[in-house]
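With these hints in hand, go ahead and build the complete structure from the sequences.
Residue numbers (my numbering): 1 to 188.
Honestly, the hints are just simulated from the structure, not real lab data. Where a beta carbon is used, it is the ideal one built from N, C-alpha and C, also for glycine. Possibly wrong hints are sitting among the right ones.
Simulated restraints, written as ranges between beta carbons of each label pair [said to hold, decoys possible]:
| hint | residue 1 | residue 2 | range |
| --- | --- | --- | --- |
| 1 | Lys133 | Val9 | 33 to 39 Å |
| 2 | Gly166 | Arg45 | 28 to 34 Å |
| 3 | Arg178 | Glu26 | 30 to 36 Å |
| 4 | Asp68 | Arg178 | 33 to 39 Å |
| 5 | Asp37 | Gly124 | 29 to 35 Å |
Here are the simulated lysine-lysine pairs, BS3-like style, with alpha carbons at most 25 Å apart [stated by the list, open to error]:
| hint | residue 1 | residue 2 |
| --- | --- | --- |
| 6 | Lys95 | Lys144 |
| 7 | Lys65 | Lys126 |
| 8 | Lys133 | Lys55 |
| 9 | Lys126 | Lys55 |
| 10 | Lys55 | Lys5 |
| 11 | Lys144 | Lys133 |
| 12 | Lys55 | Lys65 |
| 13 | Lys126 | Lys156 |
| 14 | Lys95 | Lys5 |
| 15 | Lys156 | Lys144 |
| 16 | Lys144 | Lys126 |
| 17 | Lys65 | Lys133 |
| 18 | Lys156 | Lys133 |
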Amino acid sequence: MTSRKEGRVGTLIFDNPARHNAVSLEMWEAARGILLDFAADPGIRVVVLTGAGGKAFVSGADISKFEDERATREAVLRYNATTEGVYSTIATFPKPTLAQIQGYCLGGGLNLAVCCDLRFCSTGSKFALPAAKLGLGYGYAGLKRYIDTIGPSHTKDIFFSARQLGADEAFSMGLVDRVLPDLELAPF
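Pasting the structure below:
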């Protein structure tokens with residue numbers, strides 16, 4: 001995880017481009033700390049969340065770490081509490097939040113984006129929730145955020161099918177607020 005402050009903008013960067021910015025437990029914990037610092041900083045007026053490398057916003061959880069991070073019931077509870085803590089922090093953030101999406105926005109990455117006040121993506125962005133293919137479930141808070149954002153029908157489509165959506169379809173269902181040419185979203 002990296003962050004920076006430029007003027008009144010705080011930027012949180014998911015920085016694991018070799019794994020398409022897949023997020024480990026350690027990264028989730030660092031993200032929450034950075035967000036809390038931005039919330040407490042009176043000089044920051046808006047927070048941008050983005051991914052490093054220009055190929056992915058966040059591709060979801062780092063499944064290569066599942067064996068270590070989700071090996072026991074207690075570990076799963078800790079992992080889930082940590083991720084929900086980040087989602088909740090973003091969803092209730094006291095300043096505007098913007099997801100700047102380039103490339104893949106999958107699983108936990110899509111959950112992050114839905115928590116933001118606004119979601120802008122590049123024309124080449126791809127969205128999906130592959131949980132159905134992995135046998136993973138979602139809690140009430142996560143489902144409610146999707147329903148509140150895109151409605152029950154689109155939520156069912158995304159969750160049940162696990163299919164990949166392009167930027168235009170994501171825009172048409174209200175999943176993103178703007179689709180911009182690739183060059184208008186600066187890669188980090």
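Verification of the hints:
1. Lys133 - Val9: 33 to 39 Å: holds (36 Å)
2. Gly166 - Arg45: 28 to 34 Å: For arginine 45 against glycine 166, whose Cβ atoms are near 32 Å apart, the range 28 to 34 Å holds.
3. Arg178 - Glu26: 30 to 36 Å: holds (32 Å)
4. Asp68 - Arg178: 33 to 39 Å: Since the Cβ atoms of aspartate 68 and arginine 178 sit about 38 Å apart, the hinted range of 33 to 39 Å holds.
5. Asp37 - Gly124: 29 to 35 Å: holds (32 Å)
6. Lys95 - Lys144: Measuring from Cα to Cα gives roughly 21 Å; hence the hint holds.
7. Lys65 - Lys126: holds (24 Å)
8. Lys133 - Lys55: holds (23 Å)
9. Lys126 - Lys55: holds (10 Å)
10. Lys55 - Lys5: With Cα atoms ~23 Å apart, lysine 55 and lysine 5 stay inside 25 Å; holds.
11. Lys144 - Lys133: holds (21 Å)
12. Lys55 - Lys65: Holds, at roughly 21 Å.
13. Lys126 - Lys156: holds (18 Å)
14. Lys95 - Lys5: Distance of about 14 Å is within 25 Å: holds.
15. Lys156 - Lys144: holds (12 Å)
16. Lys144 - Lys126: holds (22 Å)
17. Lys65 - Lys133: Within the cut-off at roughly 18 Å; holds.
18. Lys156 - Lys133: holds (14 Å)
Every hint from the earlier list agrees with this structure, and none is contradicted.
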